[in-house]
Amino acid sequence: MGVIAYFAYLAYLGHMAEKESNEYMSYMRSVMMIQDINNRIGQHNIGNATKENRPDWVPQHFTLKDELSFLSKILDTHQKATTDYEKAPHPYGEKLNDSLAVPLQATLTVLVSGYVLMVGGFLAWYKKAQSPQDELAKLEIELKKSLLAKTKAEIKQLSRSRFAPPK
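Note that the working numbering has the sequence shown beginning at 135, numbered continuously upward.
Possibly wrong hints are sitting among the right ones.
Once the Cα atoms are required to be at most 30 angstroms apart in a straight line, the calculated BS3-like pairs of lysine-lysine come out as [what the hints assert, rightly or not]:
(1) K199 with K185
(2) K185 with K214
(3) K272 with K261
Distance windows between CB atoms, simulated [claimed, not checked]:
(4) G248 with L144: 21 to 29 angstroms
(5) A145 with Y260: 44 to 52 angstroms
(6) A145 with D200: 44 to 52 angstroms
No lab work stands behind these hints: they were computed from the structure.
Source: prediction; values computed, not measured.
Glycine included, every Cβ here is placed at the ideal spot set by N, Cα and C.
Go ahead and model the full structure; you've got the sequences and the hints to work with.
Below, the structure written as structure tokens:
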């Protein structure tokens, strides 16, 4: 149940981080628009503003005076948007990173611990179970070899004795 709640929390954080990312992109667009508007207002102030170098998003039917008042209104809107964004908290990206860092660290801890325990278990098994079985197998082979040699010697001795079957 806790795992389901954790993944639901991650989904919520992912959604909020995506929303925060969209707000940041909007903020960056506003910052760029403020720069463009200030450049255009600067052209008006020094007398270089013409209809030919007017931004595409300014209606073409505006006079230069109408354009200047339009730019001022748009500038105020974008400045308010950037100020609002800068004042607002943006915690979800960090919360998402923190929420992913803990399980990642836990997963790595489990994997490393599992590997260490597996190697330790294998070494303990080899020392306590496999090594004695190997020694036992060697002793059985030696025993069988000695029994085979003894049996061959008995057969040889019987073949020399008077109880040997005729050839």
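Results of checking the hints against the structure:
1. K199 with K185: holds (11 angstroms)
2. K185 with K214: holds (27 angstroms)
3. K272 with K261: Since the Cα atoms of K272 and K261 sit roughly 16 angstroms apart, the hinted pair holds (cutoff 30 angstroms).
4. G248 with L144: 21 to 29 angstroms: Distance hint for G248, L144 holds at roughly 24 angstroms.
5. A145 with Y260: 44 to 52 angstroms: holds (46 angstroms)
6. A145 with D200: 44 to 52 angstroms: holds (48 angstroms)
Hint compliance for this structure: no hint is broken.
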